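Asks: Using the sequences and the hints, build the whole thing.
Chains as they are written, first to last, in my numbering: chain A, 1 to 338; chain B, 1 to 642; chain C, 1 to 202; chain D, 1 to 177.
Everything labelled a hint here was simulated from the structure, so no lab data went into it. Note that the structure is a prediction, hence the values are computed from the model and not measured. Even for Gly, the Cβ is constructed at its ideal location relative to N, Cα and C. Incorrect hints may have been included.
[Said to hold, decoys possible] Pair ranges (Cβ atoms, derived):
id, chain 1, residue 1, chain 2, residue 2, range
1, B, VAL612, A, GLU164, 49 to 55 Å
2, C, THR114, B, VAL305, 55 to 61 Å
3, A, GLU164, D, GLY83, 27 to 33 Å
4, D, GLU117, C, PRO62, 45 to 51 Å
Chain by chain, the residues run as shown.
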Amino acid sequence: MHPLRALGRASVPAAAMLVVGGCGQAMSAVNPAGPQAERISDLTWYLTITGSAVFLVVLGFLAYAVRRGRRRTESAEGPEADRAMARWVGGAVGVTTLILLTTLVYNFATGRALADFADPDALTIRVTGHQWWWDVQYVDRAPSRRLTTANEIHVPVGRRIRLEVQSRDVIHSFWAPNLHGKVDVIPGYGGSTAFRADRPGVYHGRCAEFCGLQHARMDFLVIAEPEEQFAAWFEAQLKSSAPPGDAVQQKGQQVFLSKGCPLCHAVRGTQANSRVGPDLTHLASRRTIAAGTLPNTRGHLGGWVLDPQKIKPGAKMPPNPLAADELHALLGYLQSLK
Amino acid sequence: MSATTGEQAGAGLLDAAGRAELERTWAARPGLWGWLTSTDHKSVATRYVATAFLFFLLGGLEAMVMRVQLARPENGLVDPDRYAQLFTMHGTTMMFLFGVPVQLAVATYLVPLMVGTRNVAFPRLNAFGFWTYLIGGLLLYGGFVLNTGPDAGWFSYVPLSGPQYSPGKRVDVWAQTVTFTEIAALVAAVEMIVTILKQRAPGMSLNRMPLYVWAVLVTSFVVLFAMPSVALASMMLAFDRLVGTHFFNPAEGGDPLLWQHLFWFFGHPEVYIMFIPATGFVSEIIPVFARRKMFGHTALVLSLVATGFLAFGLWVHHMFTTGLPQLGQSFFTAASMMIAIPNGVQIFCWIATLWAGRPRFATPLLFVLGFVFLFVLGGITGVMVASIPFDQQAHDTHFIVAHLHYVQLGGFVFPLFGAFYFWFPKVTGRMLSETLGRWNFWLFFAGVNVTFFPLHFLGLMGMTRRVYTYHPETGWGALNLLATVGAFMIAASVLVFLANVFRSLRSGAVAGDDPWGAHTLEWETPSPPPPYNFLHIPIVQGLYALWERTADRPVVTGMITHRREILLTTVLDAEPDVRYQHPGPSIAPLLAALAVGVTFIGGIFTTWAFVVGPVLLFPALMLWMWKQSPPAEPLTESEQPA
Amino acid sequence: MSERRSTVDVSGLTTVPFGHRSLLWWGSLGFAVIEGFTLLLMIASYFYLRTNELDWPPGRTPNPDLLIPSINTVLLVLVIVPMRMADTAAKRMDRAGVIRALLVAEVMTIVVTTLRWWELLALNVRWDAHAYASAAWGVVVLHSTLLVTDVFETGSLIALFASGKARRKHYPDVSDAADYQYFLSAIWVAIYLIVYWGPRVL
Amino acid sequence: MIKRTLARSHLRTLALAVLLTACEREQRGYRDIPPGATAFPAVQTSELQAGPKSTDPSAGAYQENRWAVSEGQTFYAQYNCGGCHAPGGGGGMGPPLNDDEWIYGSDPENVFATIVEGRPNGMPSFRGKIDNGQLWQLVAYVRTMSGLTPPDVWPARSDHMQESRPATDALPQRQLP
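Replies: Structure (structure tokens):
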């Protein structure tokens, strides 16, 4: 247990801690769930504490100086006053330089520790930023084991993840505060970073670089789960979508294929395989829809399909005027895509 | 032929007739035509500061709407498109239309008075600078009113601001506004450098120059080398959008990071362009209200120069998360932390002067003390984000919004308000009320802290910048509501300031020449100063001109009064060198600015404007250079026909 | 007004200062620094974009031609000679000499400016083909705008002196214009080498 | 006196005109209800049926809106219209779209009907496949290829590989200044 972190957890007043740290998986840069975020969190506590100390000392100087000055009847002139002040100012600047140097050294050390975190047999995930959602691909030498999903990244706990980011349109920034710092997703540049989740949990992430109308609603989830649970999830996701079970789902699939959905979305196992929009093969297995904007329930799914512009104005998905029975059947089908 | 020091009593001193002729020669023409053609640095500077302050209010209104929209989750006050325009307009207005212009405008008012000369070096260029700036401001707000305000952020990262992802003319309006404001800043910087180096009163050698004049000199050099970078970047972006060049198109060899390098190479020095003159204000206000000479004058000058140089070595700390090589970024971490040392020197020297002096709590000193509090806090969060790992968490979040507002509001707007209270009597001849001043200060100080301190926590909790709304379950609602309350406090304090100004313009106490007992030359002139500033150019006898003035301090005589003339002195020791013909008022700067306006605004719609504009510009420039003041009196040596 | 005993009489000072003693010299130096630094940044961007490409010029784009650009560069360097003569004539306050020298310089500069269009065509690529084309056109066009203002400045000086409205204080403006011309020619030589010889040599 | 009031009224109408057009030009119309959305007959009574010529005035709004044209450019690429008509509209399997020859008419409604109903030898019908709002944006973009809309609404270059000249230069007969 790093002494500073213990100090940090204990000494900061509970209110600030509650507000900033939060408990469980509340999204916060000082509530680390992996080694990378932990190193940065320790650095954060160090910077905060030394910074506050320096601030209070300088304010103390100022208050003392003003009070001392106001008590004077006439100002301190002459060489000895100047020599005294020169000593104090020189000392203060010296201390400032010293603190800056130690901060610099600690910062470089943390920086290097963060950088050499790569590991040859890490799980590689390629995330592609689109205007206002995330496309996630699990990279594997065997093409049959390459999985494409969207907006939710399942990772095995305790295993290093190598993240490659790229963009199809504008600059985004992939940031899950509980796991690691952000990495900019720049078109024409292949950004990469590496992290590891030590605690299972659902960690929120956001796009951190302004990327247009719906930048505010471009979230994602990183779901860390034990190794075997992840393997089971991965196998399930690899399989194509099951054929529709009953008549309602059959009609729902018919509505899905006849309307404009296949023009943008892909559902493996049907003839819909366009890469323009997110992959919906296992939509029902996801916790949220529309890049972390809505929980994945039947009501929200219906509201989203009918008029996405009301929820994410400016999103590329058009409104879909459907009759009641068509909508009912479509929702039935979509919720069957486990 | 050098200046002869005459001992005979009163030889060459101007009598009443001489003063009247001087008044006539230097006065602007009457009425609106006089106002449009005026080249008096005080007249141009007051309208410049007033316009910049108007944009400050507009920027503040935009901020208020944003704060109300963020006051609670899922708020529906503005839709995402309007919110994108709002935060872009707020950033662009505060940085390009208020920040840099107001500092250079105050400089063009004060520097000629402080160095003891009659006008700024190139007065017509000064007027041209203001008109260009005004056209830039009108273009931006004209666009905003016509639903064509920029919506890609105040630094408009490519490719979002590129031709494909920003359809229409919105980003073009932004790019041309940047071009206008940067022409105005460059012009003002050149004037300030030449005025300070060549037109100081005899005796004001470099080591006797006031600290504010040093600050303006350093700022002008920073402007000289920073503004071309954004001029080039906005020109390249405009060409990318209008004629299809590929400077920033990643698919055809262009590079989005080229934009970021060029923009931030200007971006960071720009915030120092606003901060360095503010340290100049503080260094002028503290000696006067601590009633003691400033401790460590040379140390402060050296730290000013050091800040000016270091400002150009930090820009990559805006790009720590773009994945540039680690070694390169570490250099910029070290440079970003090193700049805290000269700032530290300044702050410790100010505190020492307060300790050694006898400070009295007038409003200017209150704003200076508030500045120290806020700027030290902002500086420390600055050192925090200078470290790469922490910046990876804090970059583009509300932590940065908190940091930048602490160093901008604390570091630049507080000293600016202190300067308003300090020099308002000199500009208008009337004192501002101290009680309203205190209300203004304490509301502002509390407002800044209540608004921006919570944003530190919001940033670490994941609230990114430029989000028009957020989910209720993020838990950010409470802190955002608190910040919005703080924003209303700031608005209230600005209203108190406006009330104070208008009340004192009407019925404020009459301020004499020197209400504060200050030491710089402008306090020797009447309030408000006459068009010619000094009846006789003073001879400076020490660093603290008025405090170290001997009873029989000599003045300069022998300058003609029937035509505008200024005294040029040598650069280092300010010995009288040349009597220089000074151009009179002219309408040409306005016409030239309009021609430049036609060129760049037309350039948004058709490339032909870049041909028609210059054709219009040349006659305006001809009028500018040829129109001489009428030779009513006998021609002096320089006016003999060639 | 308290009566002051000693005064400093400056009536004897010169009013026709040459070189750094005059304000205009400092003003044109300031603008030369701005324009020079903008061109430097443009050249830096040119090289920055070059790092993105494997071969420069990329793909099937041919190297720029050398004939017309070389002629034009020599011509622009030669303009220094008449401008130097104008400078010395101005220092001698010889009006006829100034007008003659400036006329020669103006004609040469106009020829250089018109040839500049063919220099742009000598790049053998449209400005909107790719980043190389945009960067090359960008650098040359930026310098050309300075060239056009130079043509105007020399032209207005000729008109001023020829029309007899010129005064003795305008002589230093001629030498300032000459200094500005040296800067313009010098920086063009650098651009010429980078844009036209760069792809072949570097 | 009259001349001055006349001049002032001209000025005011001109300013108003500029105000109005500029506002529409930049409107991000993601919330508007597109024309013809409800125009589809719910029940098919007989085989014979007149072409659904919806003379809805707001159809024209899309033609003059820069954002709509830019979205149309995005959908032209996403829905792979370039597969037959070539990315710049130069024509390939499908007829060229950037010349003056229109087999089925060049009014917005005609182009709209062509896309919705499809045309013989190859043009598929997109009825119900593409939302009407996006269809009108596509129509607006397609008509800019042959310069049928005001020039300052044309899309600028795209951020992708330039198989052909940027759209604005692909117009054979109208060379941009």
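Asks: The hint says 55 to 61 Å between THR114 of chain C and VAL305 of chain B; measuring C-beta to C-beta, is that right?
Replies: 46 Å, violated
Asks: Holds or violated: the 27 to 33 Å window for the beta-carbon distance between GLU164 of chain A and GLY83 of chain D?
Replies: 29 Å, holds
Asks: Does the Cβ pair VAL612 of chain B, GLU164 of chain A satisfy 49 to 55 Å?
Replies: At roughly 50 Å between Cβ atoms, GLU164 of chain A and VAL612 of chain B fall inside 49 to 55 Å, so the hint holds.
Asks: Is 45 to 51 Å respected by the C-beta to C-beta distance linking GLU117 of chain D and PRO62 of chain C?
Replies: The hinted range 45 to 51 Å holds for GLU117 of chain D and PRO62 of chain C, with Cβ atoms some 49 Å apart.
In terms of the numbered hints stated before, the structure departs from hint 2 and from no other.
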